[in-house]
Amino acid sequence: MELFELTIHQLQDLLKNKKASSREITESVFKRIQSVENKVHAYVTLTEETALQQAKKADEKISKNGGAIHELPLLGIPIGIKDNFLTEGIKTTCASKILNNYIPPYNGTAVQKLIDAGMILVGKLNMDEFAMGSSNETSYFGVSRNPWDLERIPGGSSGGSAAAVAAGEGFASTGTDTGGSIRLPACLTNLVGIKPTYGRVSRYGVIAFASSLDQVGPLAKDVTDAALMLQTLAGYDPKDSTSLNLSVPDYKKVLGQSIKGWKIGIPKEYFIDGMDPEVAKSMQAAISVLKRLGAECRDVSLPHTNYGVPTYYILATAEASSNLARYDGIRFGYRNSETKNLVNLYKKSRSEGFGAEVKRRIMLGTYVLSAGYYDAYYLKAQKVRTLIRRDFEEIFKTCDVILTPVSPTPAWKMGEKMTDPLKMYLSDIFTININLAGLPAMSLPCGMTPSGLPIGIQLISKHFEEEKMLQAAYAYEQATEWHTRRAKL
Amino acid sequence: MKLTHEQVLKIADLARLELSKAEVEKYAEQLSAILDHVEALNELNVNDIEPTAHAVSVPTPLRADVARQDEMLEKSLGNAPDREGPFFKVPKVLG
Numbered sequence: 034m035e036l037f038e039l040t041i042h043q044l045q046d047l048l049k050n051k052k053a054s055s056r057e058i059t060e061s062v063f064k065r066i067q068s069v070e071n072k073v074h075a076y077v078t079l080t081e082e083t084a085l086q087q088a089k090k091a092d093e094k095i096s097k098n099g100g101a102i103h104e105l106p107l108l109g110i111p112i113g114i115k116d117n118f119l120t121e122g123i124k125t126t127c128a129s130k131i132l133n134n135y136i137p138p139y140n141g142t143a144v145q146k147l148i149d150a151g152m153i154l155v156g157k158l159n160m161d162e163f164a165m166g167s168s169n170e171t172s173y174f175g176v177s178r179n180p181w182d183l184e185r186i187p188g189g190s191s192g193g194s195a196a197a198v199a200a201g202e203g204f205a206s207t208g209t210d211t212g213g214s215i216r217l218p219a220c221l222t223n224l225v226g227i228k229p230t231y232g233r234v235s236r237y238g239v240i241a242f243a244s245s246l247d248q249v250g251p252l253a254k255d256v257t258d259a260a261l262m263l264q265t266l267a268g269y270d271p272k273d274s275t276s277l278n279l280s281v282p283d284y285k286k287v288l289g290q291s292i293k294g295w296k297i298g299i300p301k302e303y304f305i306d307g308m309d310p311e312v313a314k315s316m317q318a319a320i321s322v323l324k325r326l327g328a329e330c331r332d333v334s335l336p337h338t339n340y341g342v343p344t345y346y347i348l349a350t351a352e353a354s355s356n357l358a359r360y361d362g363i364r365f366g367y368r369n370s371e372t373k374n375l376v377n378l379y380k381k382s383r384s385e386g387f388g389a390e391v392k393r394r395i396m397l398g399t400y401v402l403s404a405g406y407y408d409a410y411y412l413k414a415q416k417v418r419t420l421i422r423r424d425f426e427e428i429f430k431t432c433d434v435i436l437t438p439v440s441p442t443p444a445w446k447m448g449e450k451m452t453d454p455l456k457m458y459l460s461d462i463f464t465i466n467i468n469l470a471g472l473p474a475m476s477l478p479c480g481m482t483p484s485g486l487p488i489g490i491q492l493i494s495k496h497f498e499e500e501k502m503l504q505a506a507y508a509y510e511q512a513t514e515w516h517t518r519r520a521k522l
Numbered sequence: 731m732k733l734t735h736e737q738v739l740k741i742a743d744l745a746r747l748e749l750s751k752a753e754v755e756k757y758a759e760q761l762s763a764i765l766d767h768v769e770a771l772n773e774l775n776v777n778d779i780e781p782t783a784h785a786v787s788v789p790t791p792l793r794a795d796v797a798r799q800d801e802m803l804e805k806s807l808g809n810a811p812d813r814e815g816p817f818f819k820v821p822k823v824l825g
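Residue numbers (the working numbering), protein chains in the order written: chain A, 34 to 522; chain B, 731 to 825.
The hints are all genuine.
Straight line, CA to CA, 25 Å or less: simulated SDA-like cross-link-like pairs of lysine to any residue:
hint: 1; chain 1: B; residue 1: K751; chain 2: A; residue 2: S384
hint: 2; chain 1: A; residue 1: K416; chain 2: B; residue 2: S762
hint: 3; chain 1: A; residue 1: K450; chain 2: B; residue 2: E759
hint: 4; chain 1: B; residue 1: K756; chain 2: A; residue 2: G405
hint: 5; chain 1: A; residue 1: K416; chain 2: B; residue 2: V776
hint: 6; chain 1: B; residue 1: K822; chain 2: A; residue 2: D361
hint: 7; chain 1: A; residue 1: K146; chain 2: A; residue 2: E121
The calculated label-pair distances, taken between Cβ atoms and stated as ranges, are:
hint: 8; chain 1: A; residue 1: S484; chain 2: B; residue 2: V823; range: 57 to 65 Å
hint: 9; chain 1: B; residue 1: H784; chain 2: A; residue 2: R331; range: 25 to 33 Å
hint: 10; chain 1: A; residue 1: K124; chain 2: B; residue 2: H784; range: 28 to 36 Å
To be clear, the hints were calculated from the coordinates, so they are not data collected in a lab. Using N, Cα and C, we set each Cβ at its ideal position, and we do this for glycine too.
Put together the whole structure using the sequences plus the hints.
Structure representation (structure tokens):
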């Protein structure tokens with residue numbers, strides 16, 4: 034096996050036993066990038082020179098003090114960052130023309146924490162423009178490909194984050210998840226993706242899409258690596274007024290503990306007619322595995338499930354229309370300088386700077402917030418949001434975790450849903466309600482179609498109980514072998 | 731719910747966007763379809779339901795009102811499309 038194929042915890046063993054250096058690991062990743070990136074197109078910006086310098090420093094640290102690996106959990110490990118995380122001095126585009134030349138003056142908290150933990154930054158990852166999309170096709174820089182089948186999309190919006198790790202162009206990555214943007218791409222590329230509880234990870238220095246829904250989380254090759262990443266990212270940040278001042282448990286402790294006697298809720302609304310038969314089959318197989326591990330799987334109901342997508346597309350677009358008002362061509366970003374009139378400057382800069390999907394969502398959000406429509410749309414959606422949240426609260430009175438599919442279908446072909454926005458929005462049907470309820474959830478590999486496309490399950494926990502879904506996920510993962518499969522490129 | 735071209739142009743103006751004729755047509759159709767889908771919420775009676783603004787309620791945090799020196803001025807201005815000294819430069823606002 035080549036170094037780039039390994040997991041973070043495997044690399045840590047090699048580093049500890051001096052069987053590999055961070056320089057060798059980093060070089061292996063960039064060599065891999067050299068050979069596959071023109072097919073995968075996961076990155077917007079690569080930072081090879083600084084990465085190699087960081088690797089050299091990491092090796093020096095390790096040779097001086099062997100214990101450094103325990104103190105710095107990501108020391109010497111190459112990681113990619115989604116391009117909506119601010120990185121000091123490194124271009125951060127949000128995959129939009131309007132931020133094509135934007136150089137942030139500071140690091141966001143999540144990025145700073147990863148740097149402090151010793152990560153080697155590989156580069157900035159492609160995504161749907163402003164994280165608006167489920168396929169990565171709305172990127173100004175062109176689509177990332179799914180390493181499992183280059184004719185297919187990797188999912189979105191954290192598509193580059195998923196494609197890079199699945200292709201061996203980095204060992205883990207950061208993503209953001211507003212309606213499924215970490216879990217869907219993780220599912221479609223055979224990775225583990227975690228969307229933590231709203232408020233668990235700081236959003237300071239992450240470019241906002243829908244502020245009441247956005248959450249930062251990791252994508253990684255297995256549960257152990259994903260838990261390690263979450264451990265580094267999680268925690269209170271006074272710079273994010275929505276982050277919660279709660280202690281973060283040691284997630285590693287729960288990995289390996291039994292789930293015997295656990296009650297796992299299986300919501301009947303998530304097993305819909307239009308579901309791909311291969312997905313349905315894998316779900317049943319996953320349920321059997323969990324039963325074998327001693328869990329009791331019980332049928333439950335989340336009656337307002339079908340109202341999630343319409344609720345989401347009112348709330349998320351309303352918040353986006355407000356958040357994206359800051360892109361006016363004045364303080365940063367793209368400006369059309371031809372006009373001498375201020376309002377026209379705004380209009381031309383925004384119209385030329387934003388892509389079609391972003392404009393569509395700004396328009397929808399502006400409409401639902403406009404005079405006379407607020408009560409009918411926005412307020413109503415906020416009320417339905419309450420019903421959706423209560424559905425979950427009811428189930429968690431009797432269940433430890435909830436199990437659902439992540440996506441009704443495996444990865445689809447490029448272009449398949451691009452002409453019909455509504456069809457695209459419905460790809461998030463199983464992930465969106467978790468954001469509305471603010472709950473933590475994760476995606477993990479649970480099968481393959483006969484043609485070799487990954488399928489995933491989703492585990493959902495109570496607010497701030499990420500350790501529960503991690504415990505169940507690890508138990509499931511250790512009883513299966515899906516997570517060990519790598520895309521052949 | 732069918733949006734007219736006039737409504738689409740009004741929304742675009744509020745959102746400070748300029749649309750081509752083709753875009754107006756496309757958005758009128760697509761936004762109408764999305765709004766039709768959203769109509770499903772009218773099946774629910776939510777009169778007595780509290781709205782949720784944030785799924786996890788967080789108390790408003792307060793901090794001491796202490797002045798601090800910000801060293802980001804030059805870096806921040808460096809991203810401006812047009813500037814003069816420590817100012818952002820914009821077209822004339824008042825006639």
